[in-house]
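Chemist: Based on the provided sequences and hints, a complete structural model is requested.
Letter by letter, the chains look like this.
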Amino acid sequence: LKICRVLLNQHGGGNGVAGALRMMSTSPHAGGVKNTTKKNSLEDSLKYQDYFGLQRLFTVKDLFDARVHLGHKATALEPKMTEFIYGTRFGQSIIDLNQTTVLLRQALNFAAHIAYRNGIILFVCRQPQLVHMVDRAATECKEYSHTKAWKTDVFTAPNLTFGQEIRLPDLVIMVHTKENNQYGDHRAIIDAAKVGIPTIGIVDTDCNPNLITYPVPGNDDSIVSTKLYLNLFVKTINIAKQQRALDNSS
Amino acid sequence: FDIGVQHLANMMGMDHTTMTQEDIDKSIEYLFPSGLSPAARPMMKPPSEIYPRQKEAEFDAQGRPYQPFFYTLTPDLHMRLHSLRDNIEAVTVFGERLKVQGKRPDPEQVLNAARLADSRWINIEELSKLTLEKLKESDYNDFINVLDRLTSLPFSYRVKDEIFSYRIFEEETASKTEAFIAPQYDEEGRAFVEYEGRRKTAHAKVRVTKPGKGLVTIRHKDFPNHPQDLGYFFGLKERLQIMFPLQFTKMLGLVDLDITCHDGGASGQAGAVRYALSMCLRSFVEKSVVDDMKIIGLLTQDIRVKERKQYGKVSARKSYTWKRR
Numbered sequence: 006l007k008i009c010r011v012l013l014n015q016h017g018g019g020n021g022v023a024g025a026l027r028m029m030s031t032s033p034h035a036g037g038v039k040n041t042t043k044k045n046s047l048e049d050s051l052k053y054q055d056y057f058g059l060q061r062l063f064t065v066k067d068l069f070d071a072r073v074h075l076g077h078k079a080t081a082l083e084p085k086m087t088e089f090i091y092g093t094r095f096g097q098s099i100i101d102l103n104q105t106t107v108l109l110r111q112a113l114n115f116a117a118h119i120a121y122r123n124g125i126i127l128f129v130c131r132q133p134q135l136v137h138m139v140d141r142a143a144t145e146c147k148e149y150s151h152t153k154a155w156k157t158d159v160f161t162a163p164n165l166t167f168g169q170e171i172r173l174p175d176l177v178i179m180v181h182t183k184e185n186n187q188y189g190d191h192r193a194i195i196d197a198a199k200v201g202i203p204t205i206g207i208v209d210t211d212c213n214p215n216l217i218t219y220p221v222p223g224n225d226d227s228i229v230s231t232k233l234y235l236n237l238f239v240k241t242i243n244i245a246k247q248q249r250a251l252d253n254s255s
Numbered sequence: 030f031d032i033g034v035q036h037l038a039n040m041m042g043m044d045h046t047t048m049t050q051e052d053i054d055k056s057i058e059y060l061f062p063s064g065l066s067p068a069a070r071p072m073m074k075p076p077s078e079i080y081p082r083q084k085e086a087e088f089d090a091q092g093r094p095y096q097p098f099f100y101t102l103t104p105d106l107h108m109r110l111h112s113l114r115d116n117i118e119a120v121t122v123f124g125e126r127l128k129v130q131g132k133r134p135d136p137e138q139v140l141n142a143a144r145l146a147d148s149r150w151i152n153i154e155e156l157s158k159l160t161l162e163k164l165k166e167s168d169y170n171d172f173i174n175v176l177d178r179l180t181s182l183p184f185s186y187r188v189k190d191e192i193f194s195y196r197i198f199e200e201e202t203a204s205k206t207e208a209f210i211a212p213q214y215d216e217e218g219r220a221f222v223e224y225e226g227r228r229k230t231a232h233a234k235v236r237v238t239k240p241g242k243g244l245v246t247i248r249h250k251d252f253p254n255h256p257q258d259l260g261y262f263f264g265l266k267e268r269l270q271i272m273f274p275l276q277f278t279k280m281l282g283l284v285d286l287d288i289t290c291h292d293g294g295a296s297g298q299a300g301a302v303r304y305a306l307s308m309c310l311r312s313f314v315e316k317s318v319v320d321d322m323k324i325i326g327l328l329t330q331d332i333r334v335k336e337r338k339q340y341g342k343v344s345a346r347k348s349y350t351w352k353r354r
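From first to last, the protein sequence lines are chains A and C. All the letters of the first sequence, read from the start, carry residue numbers 6 to 255 under the working numbering. All the letters of the second sequence, read from the start, carry residue numbers 30 to 354 under the working numbering.
Please keep in mind that the hints were generated in silico from the structure rather than gathered at the bench. Check the hints yourself; a few may be wrong.
[Claimed, not checked] Example chain A residues on the side facing chain C (calculated, C-beta under 10 Å, incomplete):
id, residue
1, L47
2, E48
3, L127
4, R141
5, S150
6, H151
7, T152
8, K153
9, A154
10, K156
11, R172
[Said to hold, decoys possible] As a list, the in silico DSSO-like pairs of lysine-lysine whose alpha-carbon atoms are at most 27 Å apart:
id, chain 1, residue 1, chain 2, residue 2
12, C, K338, C, K229
13, C, K84, A, K147
14, C, K165, A, K153
15, C, K74, C, K55
16, C, K342, A, K147
17, A, K85, A, K232
18, C, K163, A, K153
19, C, K189, C, K132
20, C, K279, C, K266
21, C, K323, A, K156
22, C, K158, A, K153
23, C, K266, C, K323
For glycine and all other residues, C-beta sits at the position ideal for the given N, C-alpha and C.
Modeler: Pasting the structure below:
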């Protein structure tokens with residue numbers, strides 16, 4: 006499921022994510038690249054490190070102001086999340102925002118490319134206080150959302166559940182990766198991995214980032230930080246769609 | 030359908046633009062006289078009344094669903110839920126803003142229990158029909174919880190149109206039988222009411238005449254020329270049974286009774302008379318007294334009949350003596 010990372014690494018020979026990105030050419034300025042024609046715009050969009058100009062959408066300070074760096078108690082730390090932790094303060098884990106910005110930009114870039122190619126994006130969340138925000142974000146960028154009790158059959162047996170041939174989502178974005186009881190992981194992570202659907206997930210210090218394609222370490226319990234993430238996703242998807250309209254018309 | 034209406038109007042010499050459904054029904058009745066039952070007769074109604082509402086196309090040519098909550102399997106319900114949640118937020122914000130200004134909700138408009146007394150929430154079948162989706166009990170309960178939450182906010186009357194679109198107004202559930210029988214008038218102008226009561230194979234036809242002296246005439250159907258008074262019933266038990274409704278409604282000396290019985294025994298006939306008499310007295314008495322009669326049980330027909338004998342048993346319930354060997 007690191008297909009997408011492989012695609013990005015194709016253009017570079019360097020090890021790791023940062024090396025791959027360095028090898029690519031710089032991003033075009035906002036408003037679209039003038040040289041692309043309809044035929045090869047899909048290929049050309051992959052030649053740029055930041056085709057949609059998403060770097061400008063947020064800064065480290067924005068993340069800090071939205072309390073993205075605040076994790077759970079140090080005793081509740083998931084061992085697989087230790088690489089993303091900057092340290093602890095008063096017994097609370099602090100997430101390394103340098104890593105978060107890199108990973109979040111990757112995730113946004115990926116989401117933008119999916120939206121650019123007319124992909125179906127599904128927002129999944131089961132936290133009661135976030136459900137309405139997520140639904141609204143999905144409607145604002147004209148994508149889809151699922152904030153109810155998750156049924157495995159939706160992904161693994163779609164013909165059975167829907168009674169007809171349907172198109173499954175091309176990307177699943179989760180602003181909170183746990184079930185509404187806070188203890189178990191949301192079943193959609195496993196099901197998306199089973200069916201081959203890439204996922205973007207905001208993982209807090211007590212979450213398991215394993216099966217998520219683009220894990221983004223960050224606070225998932227503050228309303229402020231969730232608002233920030235949803236804002237960013239909505240903006241990127243809208244930018245990508247605008248770019249597609251622009252490229253198709255030229 | 031529209032073209033058909035035009036042809037029909039042409040045939041009947043009417044104007045198709047001013048034709049109503051009533052005119053169409055009358056024209057069809059005229060053109061196709063039929064001796065069949067009403068359900069089998071030809072009809073001409075707009076397609077929305079004949080064809081059931083179906084779900085529209087769910088996704089476009091590229092496979093993208095039209096509804097944002099398509100993957101939840103109840104997209105229409107979820108869309109309505111989303112709209113209600115938006116309203117909750119909007120109403121809360123509005124309320125806080127007004128609270129800061131020191132203004133309070135208009136007490137006449139607030140959706141309190143009084144405003145909601147004559148209606149009920151849409152039930153699961155009706156909601157299923159509205160959304161055209163198969164709904165689970167949990168989906169329905171969540172929906173009603175959100176509706177309750179919205180209605181309980183002080184400024185919920187701002188979105189009362191949406192709230193009332195999910196409320197069903199039920200008329201006073203009129204019982205299948207009328208509340209009382211309209212009295213008829215005999216040659217002397219006295220009002221009378223007739224009712225046939227039954228108890229345990231006994232039948233009794235009772236006629237109560239209102240401006241009366243307390244005369245009681247009881248006869249057996251097979252002997253119409255031998256009327257008796259209360260002496261028709263030998264036992265005190267039966268006589269008390271008959272007198273009780275009059276005593277309860279305080280009509281003891283005010284009405285005349287004319288009773289014809291057949292079948293059954295003494296006690297059964299007495300019970301039949303009592304029931305028929307109570308049903309007749311409803312017409313001559315206040316509604317509050319009728320409610321009291323209902324509470325006491327005078328207006329409930331006693332449907333108990335003798336249970337049939339079962340094979341392998343002596344009678345309905347009694348078994349044969351159990352022998353060890």
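Chemist: Between K74(C) and K55(C), does the CA-CA distance stay at or below 27 Å?
Modeler: Holds - the C-alpha atoms of K55(C) and K74(C) are around 12 Å apart, at most 27 Å.
Chemist: Would you check the hint for K163(C) and K153(A), treating anything up to 27 Å between C-alpha atoms as holding?
Modeler: 15 Å, holds
Chemist: Is the hint on R141(A) kept, meaning its closest Cβ partner in chain C is under 10 Å away?
Modeler: 8 Å, holds
Chemist: Hold the hint about L127(A) up to the distance rule: shortest CB distance to chain C must be less than 10 Å.
Modeler: 6 Å, holds
Chemist: May I ask you to test the interface hint for R172(A) with respect to chain C, counting a Cβ-Cβ separation under 10 Å as satisfied?
Modeler: Result: holds, 3 Å to nearest chain C Cβ.
Chemist: Does the CB of E48(A) sit less than 10 Å away from some CB of chain C?
Modeler: Cβ of E48(A) sits 20 Å from chain C, so the hint is violated.
Chemist: Please work out if K158(C) and K153(A) have their alpha carbons no farther apart than 27 Å.
Modeler: Cα-Cα ~21 Å, so holds.
Chemist: Was the hint right that A154(A) lines chain C, CB cutoff 10 Å?
Modeler: 8 Å, holds
Chemist: Can you confirm whether the C-alpha distance between K279(C) and K266(C) stays at or below 27 Å?
Modeler: 20 Å, holds
Chemist: Quick one, is the T152(A) hint okay against chain C at 10 Å, beta carbons?
Modeler: Holds: closest Cβ of chain C sits about 8 Å from T152(A), inside 10 Å.
Chemist: Would you check whether K153(A) satisfies its interface hint, that is, whether its CB is within less than 10 Å of any CB in chain C?
Modeler: 5 Å, holds
Chemist: Check whether the Cα positions of K165(C) and K153(A) lie no farther apart than 27 Å.
Modeler: Judged against 27 Å, a Cα distance of about 12 Å means the pair holds.
The structure is inconsistent with the numbered hints 1, 2, 16 and 21, although it conforms to all the rest.
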